[in-house]
Structures are given as structure tokens and as C-alpha cells.
Amino acid sequence: MPTGEVRTAAIVDAILHADKTLFVPKIQTKDGTMDFLRIHSPADLASLPAGTWGIKEPEESWEGQIRSRVLGSPSEPLDVILLPGVAFDRTLSRLGHGKGYYDRFITAYTNTAASSSSSSTSASSAHPKPLLVGLGLREQILPSGQVPVGEHDWKMDVLITPDETITFDRSAAAQTQAVLDSNSPSPSPSDQ
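Quick note on UniProt numbering: the sequence shown kicks off at 1 and runs consecutively.
Hints are computed from structural coordinates only; laboratory data are not their basis.
Subject to a maximum C-alpha distance of 27 Å in a straight line, what follows is the list of computed BS3-like cross-link-like pairs (lysine-lysine):
no., residue 1, residue 2
1, K129, K99
2, K129, K20
3, K129, K56
4, K155, K129
5, K56, K155
6, K20, K56
7, K155, K20
8, K99, K155
In this text, all values refer to a predicted model and were calculated from it rather than measured experimentally.
Take these sequences, add in the hints, and give me the full structure.
Shown next as C-alpha cells:
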């Protein structure tokens with residue numbers, strides 16, 4: 001597993017125990033294609049084998065059932081994508097490992113037609129952009145303008161570090177707080 005990145009086990013565990021829907025990345029090919037597949041339970045998560053780059057990834061099925069995937073199948077819109085990075089800057093730019101997996105996924109996702117489950121018509125439109133939340137360690141935060149960006153790179157809406165939450169957009173900050181509040185489980189005795 002890559003070193004120098006935020007460990008997300010506690011976040012993932014909280015999502016699963018709050019009965020929220022969790023999708024995790026699965027690299028389809030080494031040329032940059034990535035999709036997100038559904039994780040059903042803590043036991044499912046614990047069973048994941050190491051995939052490309054040694055990161056745990058889901059198999060295409062679990063307990064004999066094909067997993068739901070984000071691209072190429074109807075699903076509810078994603079609310080949030082948590083993104084790792086090598087470095088971030090205070091303008092919310094993100095430097096990944098240089099393969100473009102997340103940037104290509106977000107572009108494909110936002111350009112993909114979504115089923116309209118809230119209307120009785122057969123109309124569909126592009127998926128709304130989910131809240132993009134970068135997770136970084138304090139050592140990964142650089143001054144503004146220090147992360148090189150290209151036109152294909154997506155800026156984060158929010159950057160969360162152990163020391164601070166960085167955002168330029170007050171509506172993104174409010175949206176982040178609402179998502180965090182709705183997903184926060186009650187603290188367990190071991191958390192206190």
C-alpha cells in the first residue's frame with residue numbers, strides 16, 4: 001500500500017456501520033481506467049485481495065453476486081469522493097501519483113448519463129459532480145500555486161488534514177459539514 005497517505009480504515013468502517021452505501025476504487029487496466037465497486041459489509045471489506053499497485057481492491061463479485069459499479073450501470077448519484085494524494089496546495093490543487101486514475105474517473109462519471117429515479121419520464125442527464133474531498137497529512141500541504149495542474153486535473157472542493165479544513169467556497173464548506181454530520185456515528189467507548 002502506498003505510504004505517506006491518510007489511512008481511511010476508520011472512515012470506511014464508520015460509513016459501513018452507518019448503513020451508508022460505500023463504493024471503493026478498482027483499477028480496470030494499467031492505462032488509467034478505474035471504476036468504483038460496491039462494498040457490502042465489514043466482512044466484504046476484510047476479504048478484499050491486493051490489486052494493482054498492492055492496494056486492496058474488490059473482485060467483480062461477492063458471495064456469488066455481481067457487484068454494483070458506478071460507471072456503466074444505473075446507480076444513485078455519488079455524494080462524496082474522498083481522494084488521496086501525494087501533495088495538495090492551498091488553492092485545492094491535488095497531485096496524485098501521475099496516472100490520472102481519479103481525474104479520468106471523475107470526468108467519465110460527470111459526463112455519464114444518470115437514470116432519473118425522481119421523475120416518471122425516461123429523461124436522463126449527466127451525473128452531478130460529487131463533493132471532492134482531498135485527504136492529506138500536514139506534510140503534504142504546500143503553499144498556494146505549488147502543485148502543477150493541467151486542464152484535465154480536478155480541483156478539490158475541500159481539503160481535510162489533521163490540523164485544518166481548507167476550502168475557498170463557503171457553500172462547499174457547508175456541504176462538507178452537512179455530509180460529515182449526517183455520516184457521523186455516535187462515538188463508541190473506545191473513541192473517548
